Amino acid sequence: MILKVVFLLVSLFTVGSALMVVTHKNLFSSALFLVASFFGVAALYVLLEAEFLAVAQVLIYVGAIATLIIFAIMLTRGMMSGRTSPRNDQAAWAGLASVVLGLVLLYVVVFRVQWPVVEKPVPPDTIEQLGRALVGRYVVPFEVASVLLLAALVGAVLIAREKEV
Amino acid sequence: MDVLKPQIGDWWHALLQGAGLSSGWIVFLDALVITLILLGLGLTSVLFAVWLERKLAARVQDRLGPNRVGPYGLVQTVADALKLLTKEDITPDNAERLSYNLAPGLAVFAVLMLLLVIPFGPGLIGADINVGVLYLVAMGSVGIMAILMAGWSSNNKYALLGGFRAVAQLLSYEIPMILSMSVPVLFAGTMSMEKLVEQQAHGRWFGVVMPAAFFLYFLAALAENERTPFDLLEADSEIVAGYHIEYSGMKFAWFFLAFFLNTLILSAIATTLFLGGWRGPFVEQVPALGIFYFLAKSFVLVFAFMWIRATFPRLRIDQMMAFAWKVMVPTGLVLVLVAAVFVKLPVAPLVRDVLLFLVNVFILLVVAGLVGRHLRLQIKRLSEGAAVVS
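Protein sequence lines, in the order shown, are assigned to chains A and B.
According to my numbering, the stretch in the first sequence is residues 51 to 215, in order.
According to my numbering, the stretch in the second sequence is residues 509 to 898, in order.
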């Protein structure tokens with residue numbers, strides 16, 4: 051019972067922050083609300099007993115991606131000077147269309163999709179199984195991702211270094 | 509509550525059930541009580557830490573330190589807090605209201621959340637999550653966001669520059685910290701903090717078996733805490749006061765609080781990971797001794813942090829970044845490799861531990877020798893009048 055209350059509160063927080071991201075006038079505050087919604091998603095992962103995923107969500111999304119977004123906002127000239135309004139003349143029609151689309155999608159997702167429900171409880175050693183999967187079955191994608199990250203790192207250093215005269 | 513000693517836990521549960529609450533509410537109230545206890549502990553220990561810092565720095569500098577307010581100046585921090593409370597709360601003209609007011613709170617939040625997974629004694633842990641070590645790293649990265657917000661929202665060029673430099677330092681030193689934290693994780697085979705302490709039984713502390721990893725973590729923690737010799741971000745002779753120029757009164761007090769709380773918590777983490785946590789002689793018979801051992805070990809490390817602050821000069825930003833990326837990250841990678849290889853070696857545990865110790869000492873000597881040689885070359889080049897090439 052209390053789990054349902056917690057889930058409701060966390061979902062309200064997440065969806066509310068996400069709404070504020072797209073409707074707020076100030077770009078920097080939108081980025082902060084995005085961070086709040088990331089935290090909300092991490093809390094949802096905790097409710098689903100996927101604690102590794104929750105901590106990885108905070109580490110990667112809040113710690114790296116949100117920081118990068120904020121850097122990008124800060125270092126782009128002119129982004130912060132005006133208070134841009136997210137509305138224009140077609141706001142009413144666009145609102146109607148998106149509400150209709152949203153209701154249709156909700157109906158399909160809730161009533162028409164056969165969601166697979168697994169009855170087994172979550173295993174307690176998810177990290178070990180994750181580790182084994184990463185170096186056992188999925189070792190090739192793992193290594194390819196590492197090479198990709200290395201290429202990105204080298205590329206970033208190359209772009210950002212000072213030109214030797 | 510499987511956190512406190514069984515007698516208190518059972519009494520508490522009996523009390524709640526007698527009041528007619530369902531099990532869900534009991535879990536919630538448990539969590540609330542644990543949270544309040546941890547908050548209280550964390551925030552009041554900062555009072556002591558600030559006093560310790562001032563007295564220690566004073567004695568090293570051959571003076572007395574605060575000794576007027578209360579016996580030996582112990583109440584000085586309370587007086588400081590009251591003074592900061594009553595200061596005028598200035599907000600700069602075009603500051604971003606939301607993030608300006610949020611940044612100090614977020615900084616303290618990021619540090620307070622770390623208290624949750626630290627085992628203060630046998631069974632005394634806020635929440636023994638499976639991914640405790642990763643959780644610590646994640647909360648560290650939340651603190652970085654707070655600094656970025658503070659630097660930007662002050663609407664001040666120098667605060668922004670200070671904020672960028674602070675973020676650069678913190679991000680750079682997070683990597684050696686994660687690498688050195690991976691070493692005990694590899695040893696114990698688990699990321700849970702409680703099990704990490706359990707694996708360090710019989711005096712087999714991870715910091716003794718792998719002193720290079722402990723040393724690396726110590727240096728990275730110095731930098732993460734923005735302490736001397738890495739405190740150029742907020743030193744008075746640097747860019748005014750770094751990212752908290754525009755903060756006055758209680759908001760500055762919160763940054764101050766986050767700083768000292770971070771010192772205490774980083775020492776506690778180092779104790780848990782490397783110095784055996786609450787382990788010590790006779791801890792199985794008298795579990796309460798565990799808290800005493802844990803606090804003693806943490807305070808030795810806190811003392812070391814403050815001692816270093818009172819002794820060493822500061823690094824420049826380019827020296828600091830070069831040290832992080834060129835010295836600490838390769839050393840960390842080598843240490844993780846060594847630990848991973850040695851954990852799987854088919855030899856007796858004692859032989860493995862001795863071998864690991866010798867390999868660590870060897871790595872430390874090699875790194876020290878290389879760094880020393882590089883610095884000596886630099887000094888020679890400087891004295892010969894050539895341009896400085898880092």
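Everything labelled a hint here was simulated from the structure, so no lab data went into it.
One or more of the hints may lead you astray.
Said to hold, decoys possible - Each pair of labels, with its calculated beta carbon distance range: (1) A/I52 x B/F556: 43 to 53 Å; (2) B/G711 x A/S61: 46 to 56 Å; (3) A/V159 x B/V794: 50 to 60 Å; (4) A/G152 x B/L529: 21 to 31 Å; (5) A/A210 x B/G711: 41 to 51 Å; (6) A/Q179 x B/W533: 56 to 66 Å.
Claimed, not checked - When the alpha-carbon atoms are kept at most 16 Å apart in a straight line, the in silico EDC-like pairs for lysine to aspartate or glutamate are as follows: (7) B/K665 x B/D601; (8) B/K665 x B/E604; (9) B/K563 x B/D588; (10) B/K703 x A/E178; (11) B/K834 x B/D597; (12) A/K54 x A/E99; (13) B/K703 x B/D636; (14) A/K75 x B/E604; (15) B/K703 x A/E99.
Quick caveat, the model's predicted, so the values are computed rather than measured.
A virtual CB, placed ideally from N, CA and C, is assigned to each residue, including glycine.
>> For each hint given before, does the structure comply? Return the numbers of the non-compliant ones in rising order.
In response: 1, 4, 6, 11 and 15
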